[in-house]
Amino acid sequence: MTKTSFLQKNSVATQLIKIVFMFYCAVAIVITVSQVIIEYQYTEQEIQDELSINQEIFEPILSASLWNLDKEQIQNTINGMYAIPIINGIKIEQKNKLLTATGTIKHNDKIIRYDDSGSPMELDTNTSTNLFSFQFPINYQFRGEPRLVGSATIYSSSSVVIDRVKMGIILLIINSILKTIALWVLFFWVGKRILLEPLHKLVDTINNVNFKKLDKIEIDLNNKRENELTIIENAFSNMVSKLADARQEVLNSHLILEDKVKQRTAELELAKAEAELANKTKTEFMSRISHEFNTPLNAIVGGSDVLNSLTPDDQKDNKYLIDNIKIAGKHLSMLVKDIMDVVQSTKDEFEIELHNCFLDDIIESCINMVKPLGEPKNISIIYVPQHAEVLANEGRVRQIMLHILTNAVLYNKQNGNIIISIQKPNPHNIEVHIEDSGVGISDDDLERIFLPFTRLNYPIKQCIDGLGIGLSLSKTLVEHMDGKISITSKEDIGSTFIVSFIAAKTATPAVDHEKAVN
Amino acid sequence: MQRIAKFFWIPLLVFCCFSSANPSKNQTPINIIVNNWSSQIVLAYITGEILDSVGYKTTYSEATTNEQWGSLSQGIDHVQIEVWEGTMSEMFNRMVESGGIIDAGSHDAKTREDWWYPSYVELVCPGLPDWQALKRCASLFSVDGSDVGEYVAGPWEKPEAARIRALELNFSVSTVSEADELWVALSHARKNKLPIVLFNWSPNWVEAVYDGKFVEFPNYSPECETDPEWGLNPDFHYDCGNPKNGWLKKAVWSKFPDLWPCAYDIIKNINFDNKSIAMLAAQVDFYKESHRDTAAKWVNENKPTWKKWIPSHCVSGS
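Quick note, the sequences are listed as chains A and B, same order.
Start counting the first sequence at 1; every next residue gets the next number (the working numbering).
Start counting the second sequence at 519; every next residue gets the next number (the working numbering).
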């Protein structure tokens, strides 16, 4: 459908004209039908009145005929009456008995038609011609007194009424139709000139608006009078003018923005270069730091091992100092490693190699490593091996477990406990739950506990060592292994860390037996 | 004991007399129709006096010959003592067939209504009483000097104009408004010996006083009135005269015998001949007696005659 035909079909003006026309048709039909009905009823009453006039005309003739029982005269009279167009039948009765009749009459609730030969034929009342009648007594004036000699009933029917009103109704209907057509044509012609054409012109102008040449758009609806279309015309022109101004502003803003973007881009590029330089410097620095720190630390740890082996067992104080040196060295080594990992994990190229790992081995080794830390507080660590196998990196898993278990020990209470369990929430994931009976974490601290270099107030106040990078690093490592880490905690009650790994496809189901590791 | 018996016997006798008597007569008045010609009026009064004599109540109601049939058949009037065949047979037969009236028998009198002329007219119009003589003599009967004769008709509807047309008579009809005017015209013509032909009937007073004859038209037949092809003129009805020797009947309302059975029997017996009726009419029309007096005089002078009309059971019966 072309745009023009679409507009012609769906335009508001066309719809308006159609609605008005339909409404007018409905009203016209109602009025016309009402007029027809009223006309019919009026005509029926008129015919009824005309029937009654026949009493004055024919009663004297009929009365004399009935008085003298002159059936021939009676029949002639009613035949003459029957010739009157509105009369369909006449019935003459004498002493309630049918004396004679002609045409179509009703007698004893039966419709009887008399044919040309005068023979009666009973008609089906269902097909009756809707008779109505006027009955009058026939009185003969004898010696100054009216003497009832019989009665006459004159019948007419709806067909007579219809015949009379037919032409009038036809003319009425034709009149209504002609008026409707004329009104429609006039309305449509006037509407087209006053409304449709200006609206189409407006629509065309709107459709042809070229935003690049707004200042050249002009609209002329060819309105001869000030009316709503004039308002629309002026409003449209104002709108176009403002649109042109706005466009110009936009263009100007665009130019300014482009300049600013260019400037900002240059600044960002400079910042990027500086950041890259800084990152490169940082990486080189960290590599050098790692090398500079790891080399002496390895020497310290290695040396402490040699020194320990050379120190006799009875030199407990020396043994103790050597152990402390070793522990400090390992601790420093681990810190350096962690710092390196934090730095490395920020790089895009940081990758972790994944393979099937048995959680039992990892967790048990980590338990063994942190157990000494918990001995002063008599902290028990409970784990039931589940023979769970995950798709991860063994070293990283151990690193994560160590961080969490270390925290669980450091922040636990005297005679506290740590419960480690394995859960399978679905076939694709395996969760490690580490629940401690520690000091717990507040809700505010829970939101920032995984941020790097974040230390809570408790460990600071309690002088517990740490850089605040363990949980941050654990979260990064877990996410690199397509896992998740989360925590729930209640202050003074404890915390539960949940670390979720991808279940290995060849992982064996967990064995359901308990083994307390203390 | 005998006194006691006598005491009972007399009332018993009286009781028996009264119990054996027939019930009293219906006192509902019997309406007797009175028309406008003398014989009928006098006969009506005679009938009334006879019925009164046996204990009935009678009244008299004037009616035209046109209207009387309706009143008779509806029981408004009850008795018509003179029904002339010539002019009333159609209605009479119609009413009898409809069951509205009953034929109460015929008088001995024979009726005739037709054109009549005084005998002296034959002198100037030879050929009479043959109707064809009128064709030749039409101008003699003219009253305005033309060649068109005048026929003086009575105030009753008769097919005179139809007859004139059918028989091609050169006559016009002059209708009087009262019967007396006929006799005025006749008297004037007689006095001046003028030819006159007028409506007359028998039995009538005229035949009792004047000498004259009826014009002899072609004999009547019912087809004369219904079939134009019948008769001399195939194009018209009434190419004939009125019936001769017509009957003169009596008619009563159909319920009359039930209400007044004895009166019905009396009326059936009432019988007049031509001479009697002519004399009665002459008493009124010629001798100018009143109808009432004429009737009373006749009743008074003819008791043996009318007493015989009263059945024995009607003397004191219903």
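Treat each hint with caution, since some may be false.
As the list claims (entries may be wrong) - With a straight-line Cα cutoff of 25 Å, these simulated DSS-like cross-link-like pairs (lysine-lysine) come out:
#, chain 1, residue 1, chain 2, residue 2
1, A, Lys-461, A, Lys-484
2, B, Lys-731, B, Lys-773
3, B, Lys-676, A, Lys-71
4, A, Lys-461, A, Lys-490
5, B, Lys-653, B, Lys-575
6, A, Lys-95, B, Lys-793
7, A, Lys-424, A, Lys-461
8, A, Lys-505, A, Lys-424
9, B, Lys-762, B, Lys-793
10, B, Lys-786, B, Lys-815
11, A, Lys-97, B, Lys-543
12, A, Lys-71, B, Lys-773
Stated by the list, open to error - Simulated restraints, written as ranges between beta carbons of each label pair:
#, chain 1, residue 1, chain 2, residue 2, range
13, B, Pro-677, A, Gly-80, 55 to 63 Å
14, B, Glu-580, A, Lys-110, 53 to 61 Å
15, B, Pro-677, A, Pro-85, 51 to 59 Å
16, A, Met-121, B, Lys-793, 55 to 63 Å
17, B, Glu-743, A, Gly-80, 21 to 29 Å
18, A, Lys-110, B, Pro-677, 53 to 61 Å
No wet-lab data here; the hints were simulated from the structure.
For glycine and all other residues, C-beta sits at the position ideal for the given N, C-alpha and C.
For this session: For the pair supplied as a hint, B:Lys-731 and B:Lys-773, confirm whether the alpha-carbon distance does not exceed 25 Å.
Result: Status violated; Cα separation ~41 Å.
For this session: Measure nothing beyond the straight line between the CA atoms of B:Lys-786 and B:Lys-815; if it is 25 Å or shorter, mark the hint as holding.
Result: holds, 22 Å
Exercise. Are the Cα positions of A:Lys-424 and A:Lys-461 separated by 25 Å at most?
Worked result: Since the Cα atoms of A:Lys-424 and A:Lys-461 sit roughly 38 Å apart, the hinted pair is violated (cutoff 25 Å).
Exercise. Can the suggested window of 55 to 63 Å be confirmed for the beta-carbon pair B:Pro-677 and A:Gly-80?
Worked result: violated, 24 Å
Exercise. Are the Cα atoms of A:Lys-71 and B:Lys-773 separated by 25 Å or less?
Worked result: Given pair A:Lys-71, B:Lys-773 holds - Cα atoms ~22 Å apart, limit 25 Å.
Problem set entry | Range hint 51 to 59 Å (beta carbons of B:Pro-677 and A:Pro-85) holds or violated | violated, 36 Å
Problem set entry | Satisfaction of the hinted span 55 to 63 Å by the C-beta atoms belonging to A:Met-121 and B:Lys-793 | holds, 59 Å
Exercise. Does B:Lys-793 lie within 25 Å of A:Lys-95 when you go C-alpha to C-alpha?
Worked result: violated, 43 Å
Problem set entry | Holds or violated: A:Lys-505 to A:Lys-424, with C-alpha atoms at most 25 Å apart | OK: A:Lys-505 and A:Lys-424 at ~13 Å, within 25 Å.
Exercise. Given the hint that A:Lys-461 pairs with A:Lys-490, does the C-alpha gap stay at or below 25 Å?
Worked result: holds, 19 Å
Exercise. CA of A:Lys-97 to CA of B:Lys-543, is that 25 Å or under?
Worked result: violated, 33 Å
Exercise. Is it true that the C-beta distance of B:Glu-743 to A:Gly-80 lies inside 21 to 29 Å, as the hint says?
Worked result: Once the Cβ atoms are compared, 23 Å apart, the range 21 to 29 Å for A:Gly-80 and B:Glu-743 holds.
Hints 1, 2, 5, 6, 7, 11, 13, 14, 15, 18 from the list above are not met by this structure, while the remaining hints are.
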